[in-house]
Each structure stands twice: as structure tokens, then as C-alpha cells.
Amino acid sequence: MADDVTFRVFRGENGPDGSPMGEMVDYTVPMDEGMVVLDVIHSIQAEHAPDLACRWNCKAGKCGSCSAEVNGKPRLMCMTRMEDIMEDTPTGEPVVVKPMQAFPLIKDLVSDVSWAYELNKKIPALKGPEEMDWKFSQNEADRVQEFRSCIECMLCVNTCHVMREHQMFEEFAGPRFFVRLANLEMHPMDQDDRLEMIKDDFGLGYCNITRCCTEVCPAGINITDNAIIPLKERVVTEYYDPIAILAKKVGLRK
Amino acid sequence: MSENFTVHEYDVVIIGAGGAGLRAAIEATRQGASVAVICKSMLGKAHTVMAEGGAAAALANKDDRDNWQTHFRDTMKGGKYLNDWRMAEIHAKESPDRIRELEQWGAIFDRTPEGLTNQRNFGGHTYPRLAHIGDATGLELIRTLQERGIHTGMEVFMEYTVRHLFKTDGRVSGCFAYNRVDGSLHVFKAKTTVLATGGITRCWAVCSGSWEYTGEGHALAYWAGAQMGDMEFVQFHPTGMIWPPSVRGILVTEGVRGEGGLLTNAEGKRFMFDYVPEMYRDEFADTKDEAMEWVSSIVADETPTARRPPELLTRDVVAKAINAEKEAGRASVHGGAYLDISWRPEDQVRRKLPGMYHQFMELAAVDITKEPMEVGPTAHYVMGGVKVDPITQESTVAGLYAAGEAATGLHGANRLGGNSLSDLLTFGKRAGQHAAEAAAEIDTFPEIDGAEIQRIIEETLAPLLREEGENPAKVVEDLREMMQEKVGIIRTGALLSQAMEELDAFRAREATTAPGGTRIYNPGWHQALEIGAMIDISQMCALAALAREESRGGHTRDDFPVPDHSHWGKINSVIVQAANGDMELSHITYPPIPDRLKEWLDADDLHEEEE
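Just so you know, the protein sequences line up as chains A and B, in that order. Every number in the working numbering is 865 more than the matching position in the first sequence, counting from 1. Numbering follows the working numbering, with no gaps: position 321 of the second sequence is 307.
These aren't lab readings, by the way, just hints derived from the structure by calculation. Every value quoted in this text rests on a predicted model; they were computed, and no experiment measured them. Cβ atoms here follow ideal geometry from the backbone N, Cα and C, with glycine treated the same way. Check the hints yourself; a few may be wrong.
What the hints assert, rightly or not - Computed beta-carbon distance windows for the label pairs: (1) A:Ser884 <-> B:Asp287: 55 to 61 Å; (2) A:Asn1073 <-> B:Glu438: 56 to 62 Å; (3) B:Pro99 <-> A:Asp897: 43 to 49 Å; (4) A:Lys1000 <-> B:Phe259: 36 to 42 Å; (5) B:Ala286 <-> A:Pro1095: 30 to 36 Å.
Please construct the entire structure, taking both the sequences and the accompanying hints into account.
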């Protein structure tokens, strides 16, 4: 498999008005057995373009740094095998690599995801009992551990149409943070209640369950069914269920 | 031309946002200090995220025979008694509470049937001791500390690289950093500074480390005049991926062996039975039946009475055994050994080792529930680092602290798996606490010499001004190949001497790299700036390794194949930068181990009769 491969990579920065300015540049490098997309990007840096910007760390799908769009699909570059990519690249055509399109550009394949770090600060932390050595079962842990496997690659946010098409970064927390919120709300020892925030500040209602986030999650988290829908059900029960509201009024529920 | 730079002032500046840095930040803010955390990657992406198997702490949830004394004993034995016993004692005593508090901050470890934090077996630990979540414990640790940290008021400077530590009147008074994103220049004034910069294993061609592991933290301390200890001791983890070529070095958790993984050679033989060192002979099974009895107990969630399989020997032993099998012509197809967990039911493998399943399936097209993995040694961890006070973590330079992999002492000549996560929690906390307490005693920020700032700025921008020269990636690649060949898992005096000479040639090449491009997010420029640290670190390792004429833990000399207990077994190497810039090596001895601790150690191992 010592063939050459051609990548068409976005090269550019933000122009004076803040919108991305750049061009697609072709690079051809040799390909070895077992290579992933990130290996090819590194080869391009080593042979043609030392200043080609991309993020990466673990190279094993554990850190979520190397998110990009490969042939139009949001992927972790380190977990995308060239073998598979060549299959869905038309013969004679280059492999197209672009940065995540929902986020502002920094340079080349690097996006500005600072929004995520600011939003995360607004989520109230876990509030559990002060005594140490908490007891809860593996069954209870299982539900939350799925959410804990999120690597914050932001591919789900990049794909969500509320973010990508409507740019509702102010009104909507996006799938990553509904996973985070579900983690806290379903934690067996948590005593806090974030439902009002989830409804009002984090805009859960904007999600209309198209499941795009779940499809792209490299950690395989069932974002829609296990995080978002249960949160929606809790919000409905708390704020819109007439029987529950009545029960609350007469003191049958807290 | 004088360049603009921004000046920041913080009581405590923490360099590095892995486990040690974040734990230090949490503690320092709790003491009321203003805290800056400066990190090369984005928050939550640091190297800790890659840790897999677990964090070692004698919680005794899984086996009530465990206690801090046994953890202390295992750590000292695994380190071949070159550990700072004071750190080993503190670590063994404090790590259980460091794990328990993580749970209160949101970590969800796997549970025992009683609903407590579950613990897993690992190499060199007498009892199941590693708190874990599947095989993604590092992710759990860093996310938990990140989520705790962001509510403490610490300021995080992401994607900044620190290039220099300033000193004022002999004390570290701040640092210089540049922003990797926009190329802006920054001076951080600090009353105290904590190095939590991780390790150096990117200096080797086959390693489990990310691009961040270029050893700048070690180099910063060295350049500031701090003593560096034990730099000859580099851990080659026995099980890295070896095929396909692009994944070479990526870690395969020791948890595979903790869950019953079998190591075999090309002939199908479980070779580890042939490599049990004398000091461990009493504790390990000598037949396959006994080893299988132990594994069966583990699978059945029962307390084992049989002795452990030899696959669970310490990492130095297993790595050298795999290497020896290869030398003897019994390697696996791609030059390593086979590691097989497929004899366990598929659902158990996928539940206990989801990351490994995923990693092999996606990257190597190997289904580990049905076929063996191929593995081989990979540069994984440096036991050596900044010499620190065992109580406060202050280095030999006032105002500078170090914790986690950047520091030395706890692990001696070989680290036990699981002890690094508990190390960075235990000593990260201590570093943060003592750095904040010391900062509280200082009223005003010391002045930093303006000429020194300008000199560092010039050095930082120099690669961008060179119009012609080598691609820095090529220099780094050659350096890593050289280190792999000459300062690798098996060393000789001749190879180490050659390495020392070749490093001089790398210095000349470093000075002529030309990455091209601008200051905006330019990986070529960033890499050009890393090479100087990599060369100095490589030299420290080669120098200390050349002097140590014995084999012990992570340091193996083909020309001195046995341990020398009477001399080398009692002394640790120390490297400092002399006034003329030369690298100077000496050796020191830790204070004697007090009897109250000695009683827990194996008397035979201490070789006191030979004194």
C-alpha cells in the first residue's frame, strides 16, 4: 500500500471582518499501511507545510483534540483510517479536510471552541453528601458512566443544526452540555436541581431530536435517547404536566 | 526592535494542567491565592487523559488485607529501593483520601458489589488496589479535576507555552510564555511557581506520549539551577501497540494483564514464568495451574489464595522479558509478543476494557475478544525529574515547586502502574498548598529584569526570522531515532558515549531550523522552540545512564547486567547546570530508612549485610 495520497486541506485565517479567508490547498504524500487521517496531516507538516495548524494529543481517541471534517463528515482524525476514507473518496479525487464549520476559525484546521469552556463554568457542580465513601451500585453507576466517557471533542455541537445553521450559542447549551447536565441530574448522590436552568438558560426545548449528535459521537454515547430525551421528560413532568403541577400544589410532591 | 508583551500578576503560577497541575490549583485557590494555570493544550486534553488502568490507593475495598504499609512496601520494592522513602510513606498514607475526595467532586469509579469504589490488580501491587473506571481512568481524573477547578476561580491560559523562568535575588519570580494561538508574548509575575509539566518520553521514537511530552518542564527547572534527580530511569512500558506502524507506541493498559491477559511468544509459550526475579520468586505462581487459579478467583470476584501470574510482575521486568524473547528469535509476527484476553467471555472483555476493544478494533482491525493483541515496549514515563522536598515539594531553587511526573523521588528506579495517578493527586495537592502558603508570606511582586525579558523574546522569535534552514520536524525525528537506538531499553557504555557526542551535532542543527510561516498557530515554529529542551533532557538521561554501571529498574546496561546493591543500590544521581553552563553529575544518598518503616520491607532486599 505504498501509494501516494492527495489531501485537499483548508488553509486560512480570519480576515479583517472576522470571517474566514483562505483556500483549499492540495498536498500529496506517501501512504503507509494502517495510517489514519492525522498521520497524513503530520506527513504534510513534515514534508510540505510545517506551519499547517491542527490540534492533536493522544492519537488514540481519548482526548478529543483532533476534530475536523473529512470528506464532509465530522470525525476525529486520529481514529479515521485511511483505508476507510479511501473507500468513500471517488477515484482520482483528493480527500477533503476542513475545520469544524460551526465554530469560529482560528487557522487552517483549528477552531475556536472557547465557547465551551465559558459555558461549562455556568453549570452548577455536583452537590452530594459531605461524608466520604459514598455507596451506590454498579447499575446506578452505569447510567452515568456512559456520560462520563465524553471526550469533549465537540463534534456533536459542530453537527447540531441549532448550532451549525442557527448559531444559537447564546441560547442553547448543545448536546455536549446536555450530556454533562444529564450526568449531574442522574448522579446517584447529587442533591441539586438544575431543571429550571436546563429549560430556561440552556434552551433544551430548541432540540428537536434529529439525532445528528448521536450519529457522530466517537465515544458512542447515546446522546439523544439517554441524555436529551430523559432531560426533556423531566422538564415536562416538572413544568408542563398538569397532574404533577396539581400534586405539587397540594403538597403531594416536592 | 522591542516587542510588546503583556504582564500578568498571580500569587501562584502553575505550569501544566494535567492531574498534578489541576490538583495544585484546586488546593492553592482553597488557600485564598490568586492562581494562574498555564498549559500547552486546551483544558482537559493534558497527558493525564491518556492514563488507563487506574489510581493506586490502599482503600482495602476489595481485599481487606491491604493497608498503607503494604502499599509503601510495594512501592519501595518496585522502585528497587532508590525511592525517597519519605515520599513513598506520604503517598501510601494520603492517596486513599485523595481518591475519596475525587468521588465527592464527581468521579464515578466502578463499584464493588457492596457499592464502594472497586479496585483492580496491577503489576507489583500485592492486593487489588487501583480505583478505575473501565480502562479510561485518566479521563475520569482530569474531567473531575477540571470540573472542580473551573469553579474555584483559577485563571486558565490555554495553549500557552512557557519558555523561561525568571529569578530575582535567587528566587523564582515568574515566567515568560507565548500564546500558541496568536503568537502574543506574556510575562507572568509570580510569588511562587509550580511545575506540573509531566514527562519527557517524546524524546524516544517509540513512545506512548503526545507532542506535549517534550520535557520543557524538566528543562525549565534545570535552566533555573534546580537539581535534577534520577534522570537515567525511564520506564519502558511493556505493552504498547506495535502494528500497524502508525500506531506504534500507543499504550495498551496493564489492566489487560490485571484482568487475566496472557503473554505468549511465537511458539505459544507463556514465557514470563522464565523471567521471575529472585526478589519476587515467593510472590508469583510458578505453574500455569496456580496462575490460572489466581485468575479464576479474580474473575469470580473472590479473594485469591493462589499466587499471582508472572504477567503481573513489575513493568521493568516484563518489558525486558519481551525484549529478550525478541532477541532470542521468538517474537510475534511484527516483532513483539502476543497478549491474549480473548479466553474471557466477550461481554466481560468489552465491559472491563472498552477502550482497548475500541482502540484495537478501529486502529488495527483486531478484535481482542477473539484474537490476541501484539504488543511491545514503549517509552512511557520518566522516574527522574526535579528534586523536591518530600513534604512541601519545593525544589532546590526557592519559590519553585514541582509535582507529578516532573518531580522525582517517589518511584525510585521503576514506577508501579497506578502509582502515577495517586502521585499527582497526593503531591499536586501538597505542592499547591505549600506554594500558596509561601506566597502568602510575600507582600509584593519582585521586579523582573527587562533586559532578560528582551533576550528571551529574541530567542523565541529567532526561528521565524531564519529564511532558510531545516524543517524542525526532521531534526526532532532524527533525535528521537537516535535516542531510541542509543539510550533505549538496553544500553551500553559505547552507545551512551556515542549519544553524548551526537547530541552536540543536534545542537548545531537546532540553531538553524527554519519553520517558515507567521506567529499565528504555527506548529513548525512551536516545534523549533521545543528542540533545545529535548536535547538537554536527552543529555541528562545519557549522562546519568553512562555513569550508572549496573542494571536496576528502568535502567539496563548490557555491559553491567546485574544490580550492584552495595554501591549503586544506595545512591541516586543528581544533575545541575554549573555556572559555566556545563552539565554536572554527582550522586547523593537519602537519609536512612527508620526502623518503624523498615519492619515492613523485605529484609533480604535491602542488602545491608553488604555494607
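For the hint 36 to 42 Å, verify it against the beta carbon of A:Lys1000 and that of B:Phe259.
40 Å, holds
Could you tell me whether the CB distance from A:Asn1073 to B:Glu438 stays inside 56 to 62 Å?
Holds, at about 58 Å.
Do A:Ser884 and B:Asp287 keep their Cβ atoms within the hinted range of 55 to 61 Å?
59 Å Cβ-Cβ, so the 55 to 61 Å window holds.
Taking the Cβ atom of B:Ala286 and the Cβ atom of A:Pro1095, is their distance within the range 30 to 36 Å?
Since the Cβ atoms of B:Ala286 and A:Pro1095 sit about 35 Å apart, the hinted range of 30 to 36 Å holds.
Can you tell me whether the CB distance of B:Pro99 to A:Asp897 sits inside 43 to 49 Å?
With Cβ atoms ~47 Å apart, the hint holds.
The structure shown violates none of the earlier numbered hints.
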